[in-house]
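Read off the chains here:
There are 2 protein chains.
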Amino acid sequence: MKVIGVGLGLIGGSMLLSLRRFYPEAEFLGVDNNENHLKEAINLNIIDKSAQDNDFVQADLAIVSIPVDISEGILNEILNKVNGNCLVIDMGSTKRSLCESLAIHPKRHQFLAAHPIAGTEFSGPKAAFSSLFDEKTMILCEIEKTDPKLQTLALECFQKMKMNIRFMNPSAHDVHMAYVSHLSHISSFMLGKSVIDKEDDERNIFDLAGSGFESTVRLAKSNPKTWVPIFKQNKTFVVEALSKYISNLEMFKNQLETEDFDSLFSTLTKTNKLKEILDGIK
Amino acid sequence: MKVIGVGLGLIGGSMLLSLRRFYPEAEFLGVDNNENHLKEAINLNIIDKSAQDNDFVQADLAIVSIPVDISEGILNEILNKVNGNCLVIDMGSTKRSLCESLAIHPKRHQFLAAHPIAGTEFSGPKAAFSSLFDEKTMILCEIEKTDPKLQTLALECFQKMKMNIRFMNPSAHDVHMAYVSHLSHISSFMLGKSVIDKEDDERNIFDLAGSGFESTVRLAKSNPKTWVPIFKQNKTFVVEALSKYISNLEMFKNQLETEDFDSLFSTLTKTNKLKEILDGIK
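Quick mapping for you: the protein sequence lines, in order, are chains A and B. For reference, each letter of the first sequence is one residue, going 0 to 281 in numbering that gives the first Met the number 0. For reference, each letter of the second sequence is one residue, going 0 to 281 in numbering that gives the first Met the number 0.
Some hints could be false.
Which copy is meant is left open, so a pair is good if it fits within one copy or across any two.
[Claimed, not checked] Mimicking BS3-like on lysine-lysine, the simulated pairs with C-alpha atoms at most 27 Å apart in a straight line are: (1) K197 x K274; (2) K1 x K197; (3) K148 x K106; (4) K231 x K243; (5) K224 x K252; (6) K269 x K234; (7) K252 x K197.
Derived by calculation from the structure, the hints in this document are not laboratory data. Values in this document were obtained by computation on a predicted structure and should not be read as measured data.
If we strip away everything but chain A, and leave its shape as in the complex, we get (with noise of 0.2 Å):
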């Protein structure tokens, strides 16, 4: 098998790292438009060698993980190079508008959406690691789509991970994303950027800040090069969710001006049922 990853990154480099795991007679290459991070791809043994152009026409998946505002681009001149039974499986944090675009290419039935919920702060091919998606869950969205063969393969090697399989249609995929995963961001993000306007002299978040604090501002070490091209994508359901998100913040600043502790300890509790969902995703 010969596998060709195209964004050599944290999330791919983790799946073809992975997939080594389990395919150790395969051949990987590589494509970065970053040349430190190819570099450092070879080194870190995520791939054999960077991948040519007439690579694609012998490849038998190919593993897309690059920011979203380029994907729909790339993804159509990688399924126009590739070999009538290679498999192209898209890994971004958007859906709708991508399956929208690639509707009507002549090779639709090659393609997979794909979207791995796993990842951490960091990114690049250094952050990258084998055990990222074990256990983890996938979203795979229009599937019906995908030829029944190549949705073996897919199953296939997301089952050797022992992922947690979920079929969605793309819109789902990115309403849901926009609350779960996408608004984390920004609330994170926003927290981060209010402490620092407000603590000019540093040392106070140093001395003051708790695990609390690191905990909730975590992902605002996320990577903009990766988070502003997924807010642009999902721009409607982000700003629906920021917007309801919004509104409660006012509600909360409301009931604390007006001492409604009441409710305000009713909110309260009524959210810490977060505990039990929580205790239910581990």
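Given chain A's structure and the hints, the job is docking chain B onto it.
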């Protein structure tokens, strides 16, 4: 040495367990208005037995770790009861109002306003553990108002835990905490609420939420009985911090709606400097 813990939850329980390591000969007594917590604290070896009213006159050290809306009254009573050599330390999360209310107490010099920057989202004696405060920051307010001999006892205790001591006036403490702690909790609670409001079918939260969401809403599991009084006591500064946070979120939403992605990118990149700040915390 005779130590009395008033409030035997996460903070009080952990402080007593921590002190037991360094003062194994000392006697540890305790009170808690929750009968079950009192029993648990005895079973968990946090205290040797419950403290009676007449134990206070023999105590050398009282550690008060109770919700901040009742601490003013109770600290006033405890100071009235203790002998002239006993040190009374409050561990609460707000300091301005408390220090004002005790300013003219005849035993003000036996009181120390402290705030350890450590905790978890859990509460009660079962959540307590002896190393919670090791190498964490301890903020002490108005230490110059505490008797020098009693200052020495307090510093000895906290230095044994290898805590980093910082001195601060009560108002500065409250304003900084509004930003680096209280705001994180509100952000997390309201994020949790926004997602619960949207996701009627909880299964979607289970499956789609990754570690990012989990980290960002961790604090939404916190106990409202602890946190509503903190928001109430620190209302002025919390409303200020929350207003600035909402403004930043509105700015983000506006930049997204008007597709001003350059500004969005620049905002997030500046916030990334939290990386270095947070790495400094560790």
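Legend entry - Indices of hints not satisfied (ascending): 2
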